[in-house]
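Asker: Spelled out, the chains give:
There are 2 protein chains.
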Amino acid sequence: MGLKEQILESVRQDLVEIEAALTENLKPYLPLVSHIAKYIMFSGGKRMRPLLMVLSARLCGYKGNYDKTLSIVFEYLHAATLLHDDLVDGADIRRGNPVAHSIWGNPATVLVGDFLLARSIAIAAQTGSVAIVDILAHTTAQMSEGEIHQLLNRGDLAVKETEYMEVIRRKTAYLIQAACQVGALLGEAQQEQVQALADYGYHLGIAFQMVDDLLDYTANTRVLGKATGTDLREGKLTLPVIYALSRATKEDRRRMETIIRDMDMTASDFDTVLGLIKKYGGIAYTRDRAREHIDQAKKSLDIFSASKTRTLLEQLADYALAREM
Amino acid sequence: MGLKEQILESVRQDLVEIEAALTENLKPYLPLVSHIAKYIMFSGGKRMRPLLMVLSARLCGYKGNYDKTLSIVFEYLHAATLLHDDLVDGADIRRGNPVAHSIWGNPATVLVGDFLLARSIAIAAQTGSVAIVDILAHTTAQMSEGEIHQLLNRGDLAVKETEYMEVIRRKTAYLIQAACQVGALLGEAQQEQVQALADYGYHLGIAFQMVDDLLDYTANTRVLGKATGTDLREGKLTLPVIYALSRATKEDRRRMETIIRDMDMTASDFDTVLGLIKKYGGIAYTRDRAREHIDQAKKSLDIFSASKTRTLLEQLADYALAREM
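Sequences listed follow chains A and B, in order.
To convert, note that position 107 of the first sequence is 107 in our numbering; the numbers rise steadily by one, no gaps.
To convert, note that position 15 of the second sequence is 1015 in our numbering; the numbers rise steadily by one, no gaps.
So here's chain A without its partners, still in its complex pose (with noise of 0.2 Å):
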């Protein structure tokens, strides 16, 4: 049984239930706004958020039945951001499905975002706990800075990789942070604790999103659920390319900056790119960052005994490297 099956196996019924709860406690008072969401959140979502929640909580030995219901919070605010995202990044196509934006129009997707990212925090807020609600309100702030440092960032090819993490800290990092250290509390863990899954979740963020940036230049098409070469094509500059134009000489370092700046880059620009990447070592670079920051979320958890709870949370960091999609 591979990695991802074994995973699969262990946190079935937390899935089931998780999915139980994102449709229980979505209830707008319009139709739209229901599909409109269902449409972002049902279409293949892994629920890593939720799942990161479920597993911090008991891991720090949490007992009780809510942890379900806290955990859809961060499905919800991450589906306002991928709302909002999509329609920022002007992108068409998202897991092999067109883009909420293009079907139901801008003013509706704007509409719903700000109605899922009200609801994660009205959720948040029947814990009783202004710490919880603290978190998420700070986290929240810190994705649009990261969102909106990322569009300043586009189409600039004199990006460092300083800059980069700046805003993959923000963009993605904290939320995934926000949900182990939200799990910690609600299982009333020591401050010790808490600071360990919120430092686990923390470099599993920075990792996960390097991999995604990987998979963009690396997937397979049909497995990623959209084209390789978005995030270039829309001027979006991430590690891979960052460091191979670091390392690059003065000619290939211009060859690369001009099928950059080129609009309407071809499949065979891409390609040319791509090998340029892979012969000055962006994408072992990248790899090898990845590598790092997984290893430390792992490192993490040596403080808690060893249990199954903690078992999965390293599994799922392994895979979060592993993956291919």
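These are computed hints drawn from the structure, not numbers from a lab.
C-beta atoms are modelled at their ideal positions from N, C-alpha and C, and glycine is treated no differently.
Any given hint could turn out to be false.
[Unchecked claim] Pulled a few chain A residues facing chain B out of the computed Cβ check, cut under 10 Å:
#1 Val110
#2 Gln126
#3 Leu152
Go by the hints and put chain B onto chain A.
Answerer: Positioned in the frame of chain A, the structure of chain B alone reads:
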């Protein structure tokens, strides 16, 4: 001294402190977020919502110094919805200035709206009161649903008064209600007082939106800061025209419908519709409904003993009806 000048005289110091809090608490890490947020927030807003929160707290005996900071939550939330709504409506002008999305583009405008929304919840969480956070989160969800409902109604000539009420309740009244209610909660008011201020805010909010909708037909364009007839041109049917359509003869109804359906309504077309709205009492009817809600708002305050603050809240209600912009 006119009513407006009297009110401004009484709240001068409060407004100064609210302005200071608005600037101090934004704290984005990107300058662009600050630019866009300030553009929408410092372009002639009247600070009605923060002011209502501050006065509501004071009426309930609040003596602390967190009121101004908390009050800006309502301006941030309001600004967030203005950014998103202008984009949703495809508006060009707000308060005499080009709308934000025409300067910075839709993507940044969507994301800065998200940022403001998140910041407002984060500031509310600083109170340590889950009840306050909960009100804000629910209000935000309702507001997005109100806007979606309005969007769905767009161009629909069969919209009824009840449906119009559903929309304005969500898109406008609940936020003003929340400001008053949160003020009362900050002032640790008794349940009866919280309810009274919630009622005051609700009816004030309904009347405020009705007057807004009236002004779109009757205002002096220079004072309004945008052309009259904007709602109708956007296919937004408000109470004056809904009422007139319900009372018009078959023939007049058809004349109005033809003009409203026309994408390129001329100034003379608009005058024709306005004439028919007046003929069937749409303006007078809307003003009467608004006056009833203002009366109910003021009546809600009866449980409070006479005070300078209560008088001020009553004056604000009168001004909401009398205002020319």
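Asker: Hint by hint, note whether the structure agrees.
Answerer: Outcome of the hint check:
| no. | hint | result |
| --- | --- | --- |
| 1 | Val110 | holds (5 Å) |
| 2 | Gln126 | holds (8 Å) |
| 3 | Leu152 | holds (6 Å) |
In terms of the numbered hints stated before, the structure departs from none.
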